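Participant: Given the structure of chain A, go ahead and fit chains B and C onto it with the hints provided.
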Amino acid sequence: MKHGEDVPDLKSVVPEVGLPFPRVDAAAKVTGVEKFAVDYYGDDLLWAGVKRAGIPHGRIRLVDTTAAAEIPGVLKVLTGSDVPGTNRQGIVHKDQPVLCDRKVRHCGDAVALVLAEDQATLKKALSLIHVDMEPIPGVFGIDDALMPGAPLVHEEHENGNILLKATIQAGEGNASLEGYDIILEETFDVPVQAHAFLETENGVAWQEPDGKVVLVVSTQAPFRDKWEISHALGLPMEKIRVIGPYLGGAFGGKDGATVQCLLALAALHAGGRRVKMWWDREESFLAGYKRHAARLHYHLGANADGTLQSLHCRLYYDTGAYAHLGGEVMALGMEHAGGPYRIPHTRIEGWCLYTNNPVAGAMRGFGVVQVSFAFERMMDLLAEKVGMDPLVLRMKNALRKGDKNCAGVTLTQSTGIVECLEQIGRHPLWLGRERWKGESGIFKKRGVGLAAVFNAMGYGRGLPDSALAKIEVTPEGRILLYSGVSDMGQGNATAFSQIAGQILGQESGNIDLVQPDTERTLPSGSAAASRTTYTYGNALIRACEELRRRIVGRAALMLLVDTLDDLELLPGRVRHPASGREILIATLAATMTEPERICISQFLMPVVKDVPDTGKEFKIGFPHLLFSYAAHLACVEVDELTGGVVAKDYLAVTEAGRVINPQSFEQQVQGAIAQGIGYATCEEVQLRNGRILTPDFATYIIPGAQDIPEMTSLAVDVYETSGPYGMKGVGEVGSNGPLPAIANALRDACGIHMTQSPLTAERVLAALQKK
Amino acid sequence: MKSVHLPRNMEDLWLIMEQETNARVYCGGTDLLVQMRSCEVDPPVLICLERIADIQGIREEPDSLWIGAGTTHTNLLSHPLSRRCLPVLAKALGTLGSPLIRNMGTIGGNICSASPAADTLPPLYVLDAEVELRSRDTIRVMPLCEFITGPGETRLERGEILTGIRVKNGEGYNLHHFEKIGQRRALACAIASLAAMLHVSSSGVVKAARLAWGSVGPMVVTSTKVEGAIIGENLSRKTLEKAADLAQRAVSPIDDVRASADYRRIVSGNLLLRLLDARPQI
Amino acid sequence: MKNPLDQYSVNGGAKPIDIEFMLNGRKTTINVVPNRRVVDVLREDLGLTGAKEGCGTGECGVCTILVDGSARLGCLMLAIQLADRDITTIEGLSQEGNLHPLQEAFIQYGAVQCGFCSPGMILTASSLLKQKPNPTRTAIREGLSGNLCRCTGYQKIVDAVEAAARKMAGREET
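Keeping their order, the protein sequence lines are chains A, B and C.
Numbered as in our numbering, the first sequence ends at 1116 without a single skipped number.
Numbered as in our numbering, the second sequence ends at 340 without a single skipped number.
Numbered as in our numbering, the third sequence ends at 334 without a single skipped number.
One chain only, chain A, in its complex shape:
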């Protein structure tokens, strides 16, 4: 097939914001040319690996490494005493040892680090390390952790096993619920979920002659990694360089040091040689971070006409052995606990608990996925109680701009949940639902379920959500964009190219990107919180506008034109229409010095101005200013013989500001729904006494191509005044919808009331039999 005949040559297109534009990294990825961190090898490569605790709670008596160290081909075996610096990593709380010194707190805790010539020798050496431990009774769940006299995961922690206890209260949240027409109470349980990115945690590192440690890592936060490594190992920041290539998926699981401190430590002992660490799938399950399991007690008060009045909830999040971002995950969940609805009186209490379970950290939908199950099931229960159509009930209570949300924060920015619900109401899947349900076959029952969800963007208060964009016109006249935020598949590299192309009027083929590199790009925060395109994009707009002025300004000089307004910036050249004279960008760039050719600009995400007097326990995060919204409709079929649940159709209407790239928008929504369907129906990291019973892809089940239905994604286009080109982040909100929508559909299909997920065939069949 001749190239270019039927497919437009994308390289000669000037990308425009608002139009679908294919991913700029796609060509390299479909040809296998793009190098992920895992694709870095090297001459004279060493392999590093970790000996892990193997028991969930224990005191270390002795780590015997003699046998391992004697194997030919083993360079070094390191233990906790070999770690310089503090030997502590962590994002907010520095509570996680790089190599455990005194005790282990979960089965995946790192106890020793081996450097070897090859993987076979590494494996052998690891098997010969003997860790002599005194087992300690462990805490393996919420009840365990709270029991008076429970074993303490962190003995030095001031509040027992409670990492964080917090309260959000609005209106008269303290008042009792007695007296309301309708009072509903329910408890929900949601499991641990694994990110299951296809590229597992990995990196390569080496130490340069001047002592600098260079790492190429699959990471969502290369700049913060430097800081974590520096603190953990006592290395000066300027002696650490982190390079972050495109990631093979992350979804929050590579936010916070995974291999970084271990790899840097290995590099310090490798005599200048390159060291590679690559967690295989089983190690990723054992040692990688997870989504928090949670128990959610909801107590809702409403009027007989369906108006929500009061919400009391007690939320318990199991953060596992180390804090990671546990407090922040719970905080965000609490902030969303009332759903996208007006509830004048709320009292939302949360306990984030240490246990000896695997470490829970950031995962797409960050605490909100959990509460979405609860608040949306409660809404359907309320609809039944008051005899109202579930869509009508939601619209009645839905937040509008200017309302206060359940945390007492006034919504000053775009708030499009009502429009999302209205679009559902107009859609053939909703309008034709009764007929569709009536057409189910023998032994099948059909139902439809709604979910109205939302998700905040950005870091919230307490730390700056900022980015530094850097853009350059090279002496050859090309545009070089220095991205400060990792692209883990969400497509921000493409969004940035679109923005740069639009403002600078240059063809996509003339725009190159530098992926995050702490030595070349500038700190821009983590790839997280649905923030990267918004924050970096806003900074980039400013930097590009300045660069545009520079380029045109230099052209003015060389063309002897005295105002910039008379000049046009076109692909490859600047033109003076009045005289028809032109000058090539390459020509004028060649005359510019480096500082002239580079523009840098910073942007900080705006924050809530009138912070309500609540949630004082949160150091960072609470509250947020910007939210994206979505309404989902799941059309589900249940098999009465097996309990099997299949989503046959799925509709999502999302409001995330203006859509910069319809294709990227849809990609994010579809991907989020798929992960949500997994969470809803088949994904559960099963634990027993701290041990993972589902440690591989044979037992931890993520959806395949036949398990996800055809999805329809619609956008409500609302201009967000603070967003670059009016957009907001869309990465996470979609993952919150499927579990409640499917659970609600099950109720509709066969009357079962599910309060525990995933909604496996076994659980559903048991519920059917109880009826």
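Just so you know, the hints here were simulated from the structure itself, not pulled from any lab data.
Be aware that one or more of the hints could be misleading.
[What the hints assert, rightly or not] Simulated restraints on C-beta separations: (1) A:Met582 - C:Thr296: 33 to 41 Å; (2) C:Gly207 - A:Asp1062: 45 to 53 Å; (3) C:Gly229 - A:Pro480: 21 to 29 Å; (4) C:Asn195 - A:Lys1116: 54 to 62 Å; (5) B:Asp112 - C:Gln291: 25 to 33 Å; (6) A:Gly777 - B:Gly262: 34 to 42 Å.
[To be verified] 25 Å max Cα-Cα, derived DSS-like pairs, lysine-lysine: (7) A:Lys1115 - B:Lys300; (8) C:Lys290 - B:Lys149; (9) A:Lys1115 - B:Lys296; (10) B:Lys296 - A:Lys790.
In this text the structure is predicted, and so the values were computed from the model without any measurement.
Don't be surprised by glycine CBs; every beta carbon is placed ideally from N, CA and C.
Facilitator: Same frame as chain A, but now just chains B and C:
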């Protein structure tokens, strides 16, 4: 594992097996190599059988079909004979693993794994399969149900390989049914499965029935009692519900990470009801 | 007759042997220990990192390569099995610098997000289209059921394969 061999023919194979008495054979590797990765087994020597033409293919014999043990699931599935003569096996093959696994895995490997959840086994049981075992100097033939003696255990002897499977074709039955319950549509280890061949008369009476359940016992479960409960009866809901009750008592499932024994027991019965939704094929 | 055990050194450990096969259209000989996994040989020895590893147990499909046109899992194949085979990796799919219609379609239809599953997905799809040049969406999903994707939700991948099938069969898009 220290070494691996790739014999091109049976003579090479016997030579290697004579010298390497601790060798394990494999064909697709989708089972053995996974077991080796998790250190369940650690054979010093491997022998890959994939190039030996003598153990591949499917051919028609006067009363039966012979299937080479080294035939990949894909080749078996796409062969016209399998759909025509062995529809219950073809249906099971379609649920096994994934297209990639099927391109590599073989029916011989699936049988020798003797996994309680092996997808080809329930159909092979209802097809009254026989296995052909060869060593350099011997040929043995025995019913599949005698070849498998327990979970992961067979009567294969040292120096022997499984070379072929002989099945009667499914003529005489006009309803061929297979259903597998898994946690997702593909790449799913069976939680429970049912293979069924029935002959249903034009008036709806069951004239003959063979049933076999997978993943609900240490080996495939068959039950003349359950079969007896439907033979001679109308293929009706009432009949199948009675049979379902009996089926629940015939199986002996366990709890595991995928499902509980209780669930497996209940669905073993429920799966029979699906026969109401299956249509007889001419 | 050559003793098939000649490849082993005296003390029984495997030593590297020459293995000859076609790789992306070129006759190739490698000298490797025969029990190394194909995915490791491709990535480490031959620098062909398009084939990835995601699980090592055949459950994810990112290690997919074509062996005599059939899609197989490189993590469950040993180097010796390459002998005399015709192997295609993602790097060999494009011809003379021209992208394969599937690669074009994956780009155009947004089927690539993080891209880690893309090489395996595309190779499996290419094999599928050879067997079924005009597949339904259901058949495409079935054909790709051994290739997991965590980013896309599969829909745009199905769109891309459908479009590529139309193009390859000479049917233009309406």
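Participant: Next, verify each hint and record whether it holds.
Facilitator: Verification of the supplied hints:
1. Against the hinted window of 33 to 41 Å, the Cβ-Cβ separation of Met582 of chain A and Thr296 of chain C comes to about 56 Å, which falls outside the hint.
2. In this structure, Gly207 of chain C and Asp1062 of chain A meet the distance hint of 45 to 53 Å, their C-beta atoms being roughly 46 Å apart.
3. Distance hint check for Gly229 of chain C and Pro480 of chain A: the Cβ-Cβ separation is about 54 Å, which falls outside the suggested range of 21 to 29 Å.
4. For Asn195 of chain C paired with Lys1116 of chain A, a C-beta distance near 56 Å keeps the hint of 54 to 62 Å intact.
5. Remark: the range hint 25 to 33 Å for Asp112 of chain B to Gln291 of chain C is upheld by a beta-carbon distance near 26 Å.
6. Distance hint check for Gly777 of chain A and Gly262 of chain B: the Cβ-Cβ separation is about 36 Å, which falls inside the suggested range of 34 to 42 Å.
7. At most 25 Å may separate the alpha-carbon atoms for a hinted pair to count; Lys1115 of chain A and Lys300 of chain B meet this at roughly 21 Å.
8. Proposed proximity of Lys290 of chain C and Lys149 of chain B is supported: the alpha carbons are some 22 Å apart, at most 25 Å.
9. About 22 Å separates the Cα atoms of Lys1115 of chain A and Lys296 of chain B, which keeps this hinted pair within 25 Å; it holds.
10. Our distance criterion of 25 Å between C-alpha atoms is met by Lys296 of chain B and Lys790 of chain A, whose separation comes to about 21 Å.
In terms of the numbered hints stated before, the structure departs from hints 1, 3, listed from lowest to highest.
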